Amino acid sequence: GTRTPHTIPRSVYGGGMISGGSSSGSALAVALGQVPFAVATDTAGSGRVPAALNGVVGFKPSRGLISTVGLVPACKSLDCLSVMA
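Each residue of the sequence shown is one higher than the one before, starting from 47 at the first, in the working numbering.
Honestly, I wouldn't trust all of these hints.
To be verified - For each label pair, taking beta carbons as the anchor points, the in silico distance ranges come out as: (1) His-52 / Gly-110: 21 to 27 Å; (2) Met-63 / Val-118: 17 to 23 Å; (3) Thr-50 / Gln-80: 16 to 22 Å; (4) Val-115 / Gly-60: 37 to 43 Å; (5) Ala-98 / Thr-50: 16 to 22 Å; (6) Gly-110 / Gly-60: 24 to 30 Å.
These are computed hints drawn from the structure, not numbers from a lab. For clarity, every value in this text was computed on a predicted model and none was experimentally measured. Beta carbons: idealized from backbone N, C-alpha and C, even for Gly.
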């Protein structure tokens, strides 16, 4: 994301564009072909928005479809694991 003490990951579409939110590094790695897919948490778009901003698909399944055991929730009723590919 843009609030990081490290280098801000930039969109695959240009250096002047951001790559999204908290899972932007994961989305960027998929978009650049460094990994075939990535898993992220998604409460309010933090898995899907970075995917969309980098031209990959972000999928948030229905709550409960994928176990969240071990996931530290931001909002227990909305949190899901999402997949980018």
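Verification of the hints:
| no. | hint | verdict |
| --- | --- | --- |
| 1 | His-52 / Gly-110: 21 to 27 Å | violated, 34 Å |
| 2 | Met-63 / Val-118: 17 to 23 Å | violated, 30 Å |
| 3 | Thr-50 / Gln-80: 16 to 22 Å | holds, 18 Å |
| 4 | Val-115 / Gly-60: 37 to 43 Å | holds, 39 Å |
| 5 | Ala-98 / Thr-50: 16 to 22 Å | holds, 20 Å |
| 6 | Gly-110 / Gly-60: 24 to 30 Å | violated, 38 Å |
Taken one by one, the earlier hints fail for this structure at numbers 1, 2 and 6, listed in ascending order.
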